[in-house]
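Protein chains in written order, with our numbering: chain A, 120 to 557; chain B, 120 to 557.
Any given hint could be a false lead.
One copy or two, it doesn't matter: identical chains are merged, so the pair holds either way.
Unchecked claim - Straight-line C-alpha distance at most 27 Å; calculated DSSO-like pairs for lysine-lysine: (1) Lys381 with Lys276; (2) Lys381 with Lys122; (3) Lys381 with Lys126; (4) Lys130 with Lys201; (5) Lys463 with Lys130; (6) Lys202 with Lys414; (7) Lys202 with Lys276; (8) Lys122 with Lys153; (9) Lys201 with Lys276; (10) Lys218 with Lys463; (11) Lys122 with Lys437; (12) Lys215 with Lys454; (13) Lys276 with Lys122; (14) Lys130 with Lys276; (15) Lys516 with Lys156; (16) Lys516 with Lys189; (17) Lys153 with Lys381; (18) Lys339 with Lys130.
To be clear, the hints were calculated from the coordinates, so they are not data collected in a lab.
No experiment lies behind these values; they were computed from the predicted model shown.
Listed here are the chains, written in short residue letters.
There are 2 protein chains.
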Amino acid sequence: MDKINGKDLIKEFSLEDALENEGREISLSACVHKVKKMGGFAFVILRTGRYLIQTVYSPDDCADSIDGIKEGCFAAVTGIVKKDERAYNGIELTLKTIKLLHNPGNDYPLHVSARKLGCSLDVNLDNRSVSLRNPAEKAIFKFQEGVVSAFREFMLKNDFTEIHTPKIVAQGAEGGANIFRLEYFEQEAFLNQSPQFYKQAAVAFFDRVFEIAPVYRAEKHSTSRHLNEYIGLDFEMGFINDMYDVMNMETAMLRYMMSYLKENYAREIAVLGADIPEVTEIPCIRFEDAVTLIKGSKAKNKFDLEPEDEVFLCNWAKENHGTEFIFVTHFPSSKPPFYAMNDKDDPRTACKFDLLFRGLEITTGGQRIHDYNEQIEKMKAQGLDPDDFRSYLESHKYGLPPHGGLGIGLERLVMKLIGADNVRRTSMFPRDLNRLLP
Amino acid sequence: MDKINGKDLIKEFSLEDALENEGREISLSACVHKVKKMGGFAFVILRTGRYLIQTVYSPDDCADSIDGIKEGCFAAVTGIVKKDERAYNGIELTLKTIKLLHNPGNDYPLHVSARKLGCSLDVNLDNRSVSLRNPAEKAIFKFQEGVVSAFREFMLKNDFTEIHTPKIVAQGAEGGANIFRLEYFEQEAFLNQSPQFYKQAAVAFFDRVFEIAPVYRAEKHSTSRHLNEYIGLDFEMGFINDMYDVMNMETAMLRYMMSYLKENYAREIAVLGADIPEVTEIPCIRFEDAVTLIKGSKAKNKFDLEPEDEVFLCNWAKENHGTEFIFVTHFPSSKPPFYAMNDKDDPRTACKFDLLFRGLEITTGGQRIHDYNEQIEKMKAQGLDPDDFRSYLESHKYGLPPHGGLGIGLERLVMKLIGADNVRRTSMFPRDLNRLLP
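Based on the provided sequences and hints, a complete structural model is requested.
Following this line, the structure appears as structure tokens:
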């Protein structure tokens with residue numbers, strides 16, 4: 120253990136270490152999750168950062184009294200390790216000492232120690248600093264850590280460089296009205312809708328880049344799928360042959376992620392009942408064919424997929440290909456984004472794709488235009504003025520390799536992996552039309 | 120290698136793989152960094168995401184002509200690997216084929232292939248998408264990746280949970296005037312000045328948390344040390360005995376980071392001439408004693424350190440303790456932040472510290488107030504209305520363990536490690552009073 124200034128670093132409780140010390144005394148500080156008084160003894164369940172730990176109090180073994188020790192207090196204990204399959208995580212401590220560290224003096228307004236909170240989503244979110252103390256609620260965000268770690272680890276292993284790009288910008292990457300305006304000293308500024316412009320610029324010098332950062336969309340929707348601030352898992356890669364290289368990179372990343380989660384977050388998977396999919400070959404369908412498939416009753420929109428179309432296509436993939444993922448490719452080229460390369464064989468379509476998973480779009484990506492003149496032409500074709508994009512176009516002017524990339528919505532991916540009914544459940548402190556607090 | 124849909128994932132050039140294949144043919148796609156035509160042959164220097172690779176063209180060996188291949192083009196080559204100590208990274212390729220992938224058709228406005236760009240900072244930043252193609256410029260951000268990776272890896276190894284908290288908030292964590300205002304639908308909102316409130320809330324359920332994310336300060340300073348948007352490396356830990364546990368964690372983290380950088384980013388350290396410090400014991404000095412030490416001519420401010428004081432104290436630490444780091448502790452308790460715990464032995468001072476490194480504050484941290492009533496009292500003592508902080512105080516009301524933490528400014532730390540003269544050099548796309556583009 121590191122000694123700093125002659126002192127040991129203080130350590131968080133380690134379940135692995137504890138299980139290797141059966142019969143020995145260990146010490147641990149934690150929140151008191153629950154106290155169950157029995158005849159002559161008591162169970163004091165402790166809640167550490169990741170685990171519930173059952174301790175048994177008996178006045179015969181313990182030097183201290185548990186009077187005043189109750190749910191919500193913080194305590195420091197010592198106890199003898201006993202393996203017990205019936206206890207949480209297979210371990211029980213026989214208490215030797217228990218000291219109160221802090222008693223907040225207020226009872227929780229929610230059933231923190233229940234297996235599920237059992238309150239409405241609004242009550243959960245209004246009381247977020249309490250609701251997240253519930254083991255099932257906080258497991259969502261431990262699991263989310265795993266999703267982020269897996270993404271990052273895969274990217275780094277594949278020679279992507281991690282970058283950090285500004286969120287305060289002079290211009291949104293996706294255009295349109297769904298952008299937050301900001302007072303930036305004497306200027307007007309915006310919150311970026313995606314790191315698109317910057318990750319494209321970075322491909323010119325790092326070849327492959329990724330970023331994990333907040334993304335802003337001022338959408339006035341109040342749906343179960345939209346957040347106004349969310350975490351984007353973005354990457355962009357140079358020297359591709361076509362957008363299939365990007366789709367293959369995503370497929371490999373997802374495959375890596377799922378086994379990473381099973382290996383490192385099995386406890387959270389169990390608590391959440393998360394259904395971790397097999398990532399085999401992911402079928403692809405062209406947008407035009409998807410519309411034909413859906414047609415008859417349901418395809419209302421000729422330029423994009425509606426939520427019910429996404430559900431339909433995922434069901435179709437499941438029935439016909441035995442997978443819960445499906446790539447939809449070749450959206451109409453008349454549609455944004457302006458940086459999507461048109462298909463050389465069929466310029467009515469763009470080399471753009473969505474990835475749908477369990478009925479929801481979790482990714483948009485594609486091959487981008489790298490040629491300056493081609494980009495100018497497409498801007499004009501979409502009614503945009505290239506002069507408005509002078510700074511962005513510097514990258515094209517001085518050269519970009521053929522490249523493509525994608526963005527994944529972290530909260531949507533987690534939502535679908537754990538089977539949550541609302542994306543707000545997978546944002547620690549969600550922002551929506553009405554919610555700025557906590 | 121992963122096969123996806125029956126295809127190999129496309130790979131970025133690997134120097135290690137290449138060096139193991141002496142005498143064999145490898146292929147590689149990259150930007151053309153420089154072409155040096157000699158009598159009858161030519162050096163074509165390629166620039167990959169991380170390396171410069173020297174290739175030798177001779178019409179006898181190469182099936183293709185290099186007519187039209189020039190600086191700034193993108194090309195795909197095959198060549199025979201030859202180890203050569205005189206070449207960049209000890210490797211040279213004898214070209215067998217070279218195909219032009221893309222010719223942007225415009226010459227760089229800067230000397231990208233020079234060892235140093237040799238332009239003013241403003242010209243560098245105005246042409247950022249070009250200037251970052253210079254190997255010494257981009258090495259800054261590869262090195263930055265290492266700093267971030269080391270921080271994260273240390274945190275994860277020490278059982279901190281990675282979290283993501285909102286940047287759009289109803290209230291800034293640090294108060295004061297240096298906050299950006301935002302139109303959030305019908306409400307007024309702000310860009311967060313630090314994740315302070317949220318990481319404290321998260322300590323109640325995860326014990327230890329960290330976040331790597333943008334932080335916003337609407338400071339109207341135009342100095343070499345300030346950015347209006349920067350990356351905060353933040354952590355917060357529960358169950359501490361005192362702020363020295365936090366300072367020890369930072370010391371251990373920095374020690375880990377420096378050896379991580381030397382192990383994994385030696386190439387960038389060499390290119391940048393970065394001076395990686397030994398992190399031994401870091402001396403501590405109380406603010407009051409620091410002021411006495413500086414006194415006579417220089418200590419103008421009785422409540423905080425001025426830039427020249429930070430330089431003075433670092434020089435003092437170097438001379439008297441042989442280290443480039445110094446902790447300054449026990450700032451006046453009357454001074455923000457309101458969440459800093461007052462010292463029980465000397466309530467005129469707060470359990471707050473700064474870490475200075477090479478003449479610059481790179482961290483502020485401390486022990487926070489966990490008790491609800493104590494927090495209310497301190498708010499009142501600082502003239503704040505606790506009603507304005509109702510949402511924040513929910514965490515205290517329902518209990519927080521004794522805890523503390525800190526925030527490190529990524530760009531400042533990198534600036535000092537590489538010896539840059541301006542923090543804008545260590546932000547990929549910096550934001551300052553006048554700069555919103557690129």
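For each hint, the structure was consulted:
1. With identical chains, the CA atoms of Lys381 and Lys276 are at most 27 Å apart both within one copy (19 Å) and between copies (19 Å).
2. In this homomeric assembly, Lys381 and Lys122 come within 27 Å of each other (Cα to Cα) only across copies, at 21 Å, whereas the closest approach inside a single copy is 34 Å.
3. For a Cα distance limit of 27 Å, the shortest separation of Lys381 from Lys126 across copies, 26 Å, qualifies, whereas the shortest one inside one copy, 36 Å, does not.
4. Only within a single protomer do Lys130 and Lys201 lie at most 27 Å apart by alpha-carbon distance; the minimum there is 21 Å, versus 50 Å between protomers.
5. Only between protomers do Lys463 and Lys130 lie at most 27 Å apart by alpha-carbon distance; the minimum there is 25 Å, versus 59 Å within a single protomer.
6. In this assembly of identical chains, the alpha carbons of Lys202 and Lys414 never lie at most 27 Å apart, being 60 Å within a copy and 61 Å across copies at closest.
7. Taking identical chains as interchangeable, the C-alpha atoms of Lys202 and Lys276 lie at most 27 Å apart only when they sit on different chains, with a minimum of 25 Å there against 38 Å within one chain.
8. In the homo-oligomer, the alpha carbons of Lys122 and Lys153 never lie at most 27 Å apart, since the shortest distance is 35 Å inside one protomer and 50 Å across protomers.
9. With identical chains, the CA atoms of Lys201 and Lys276 are at most 27 Å apart between copies only, with a shortest distance of 26 Å across copies and 40 Å within one.
10. Taking identical chains as interchangeable, the C-alpha atoms of Lys218 and Lys463 lie at most 27 Å apart only when they sit on different chains, with a minimum of 20 Å there against 72 Å within one chain.
11. With identical chains, the CA atoms of Lys122 and Lys437 are at most 27 Å apart between copies only, with a shortest distance of 22 Å across copies and 55 Å within one.
12. For the identical chains of this complex, Lys215 and Lys454 are neighbours neither inside a copy (68 Å) nor across copies (43 Å), given an alpha-carbon limit of 27 Å.
13. In this homomeric assembly, Lys276 and Lys122 come within 27 Å of each other (Cα to Cα) only across copies, at 16 Å, whereas the closest approach inside a single copy is 32 Å.
14. Within a single copy, Lys130 and Lys276 get their C-alpha atoms only as close as 29 Å, which misses the 27 Å cut-off; across copies the closest is 11 Å, which meets it.
15. In this assembly of identical chains, the alpha carbons of Lys516 and Lys156 lie at most 27 Å apart only when taken from different copies (25 Å versus 74 Å within one copy).
16. Proximity of Lys516 and Lys189 under a CA criterion of 27 Å is satisfied inter-copy only: 15 Å between copies versus 67 Å inside one chain copy.
17. With identical chains, the CA atoms of Lys153 and Lys381 are never at most 27 Å apart, being 29 Å at best within one copy and 47 Å at best between copies.
18. For a Cα distance limit of 27 Å, the shortest separation of Lys339 from Lys130 qualifies neither inside one copy, at 45 Å, nor across copies, at 41 Å.
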